[in-house]
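A.B. asks: Take the sequences, apply the hints, and build the full model.
Note that the sequence shown covers residues 1 to 90 in the numbering used here.
One thing to keep in mind: the hints can contain errors.
[Claimed, not checked] Derived lysine-lysine pairs resembling DSS-like cross-links, with alpha carbons at most 25 Å apart:
#, residue 1, residue 2
1, Lys65, Lys75
2, Lys90, Lys42
3, Lys23, Lys89
4, Lys90, Lys51
5, Lys83, Lys65
[Said to hold, decoys possible] Computed spacing ranges between beta-carbons, pair by pair:
#, residue 1, residue 2, range
6, Leu37, Gln84, 26 to 32 Å
7, Lys83, Leu6, 19 to 25 Å
8, Ala31, Gly85, 27 to 33 Å
9, Leu37, Glu13, 15 to 21 Å
10, Gly85, Leu37, 30 to 36 Å
11, Ser18, Glu69, 16 to 22 Å
12, Arg58, Lys15, 15 to 21 Å
13, Gly20, Glu69, 25 to 31 Å
14, Asp3, Gly76, 29 to 35 Å
15, Lys42, Lys90, 27 to 33 Å
16, Cys64, Pro29, 26 to 32 Å
Calculated from the structure, these hints are not laboratory results. Quick caveat: nothing in here was measured; it's all calculated off a predicted structure. In this text, a Cβ means the ideal position worked out from N, Cα and C, and glycines have one as well.
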Amino acid sequence: MDDDDLIIIDVREDKERSSGFIKSAIHIPMAQVKGKLDSLDKSKKILTYCKNGMRANRIADLLCKNQFENVYSLKGGFDAWQKQGLPIKK
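C.D. replies: As structure tokens, this is what we get:
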């Protein structure tokens, strides 16, 4: 996932990342996202993910409400990513 126009945000907690994460994802735990909005580039596509998608959906909604236009949430979250055998980093 080497797309310069894409920001992947892992909103899981620190302990959840020990099982792995998507390469090039930046880690911003859900509780910290609101405070980091100004550091994110609104011109880029943003993909959020968590364990199963629920927290990522809430963060995607938050981003949309703050004028981010190209926001996506990974359906099924990291669990679905792993089940598909897609690459992860540990």
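A.B. asks: Next, verify each hint and record whether it holds.
C.D. replies: Hint check results:
Note on lysine 65 and lysine 75: the hinted pairing holds, with a Cα-Cα distance of about 20 Å set against a maximum of 25 Å. A hinted pair counts as satisfied when its Cα atoms are at most 25 Å apart, and lysine 90 with lysine 42 does not qualify at roughly 28 Å. Between lysine 23 and lysine 89 the CA atoms are separated by roughly 6 Å; this keeps the pair inside 25 Å, and the hint holds. Of the supplied pair hints, the one linking lysine 90 and lysine 51 holds, its CA atoms being roughly 15 Å apart against a limit of 25 Å.
Restraint check: the Cα-Cα separation between lysine 83 and lysine 65 comes to about 31 Å, which exceeds 25 Å; the hinted pair is violated. For leucine 37 and glutamine 84, the hinted distance range of 26 to 32 Å is satisfied, since their beta carbons lie about 30 Å from each other. Between lysine 83 and leucine 6 the Cβ separation comes to about 22 Å, which falls inside the hinted range of 19 to 25 Å. Checked against the hint of 27 to 33 Å, the C-beta distance between alanine 31 and glycine 85 comes to roughly 31 Å, which is consistent with it.
A hinted range of 15 to 21 Å for the beta carbons of leucine 37 and glutamate 13 is consistent with their spacing of about 19 Å. The beta-carbon spacing between glycine 85 and leucine 37, approximately 33 Å, falls within the hinted interval of 30 to 36 Å. Evaluation of the 16 to 22 Å hint for serine 18 and glutamate 69 yields a failure: the beta carbon distance comes to about 33 Å. Look at arginine 58 against lysine 15: about 19 Å separates their beta carbons, and that is inside 15 to 21 Å.
About 30 Å separates the C-beta atoms of glycine 20 and glutamate 69, a value consistent with the hinted range of 25 to 31 Å. A hinted range of 29 to 35 Å is violated for the C-beta pair aspartate 3 and glycine 76, which are about 20 Å apart. Evaluation of the 27 to 33 Å hint for lysine 42 and lysine 90 yields a pass: the beta carbon distance comes to about 31 Å. A beta carbon spacing of about 20 Å between cysteine 64 and proline 29 contradicts the range 26 to 32 Å that was offered as a hint.
Hint compliance for this structure: hints 2, 5, 11, 14, 16 are not met, and every other hint is.
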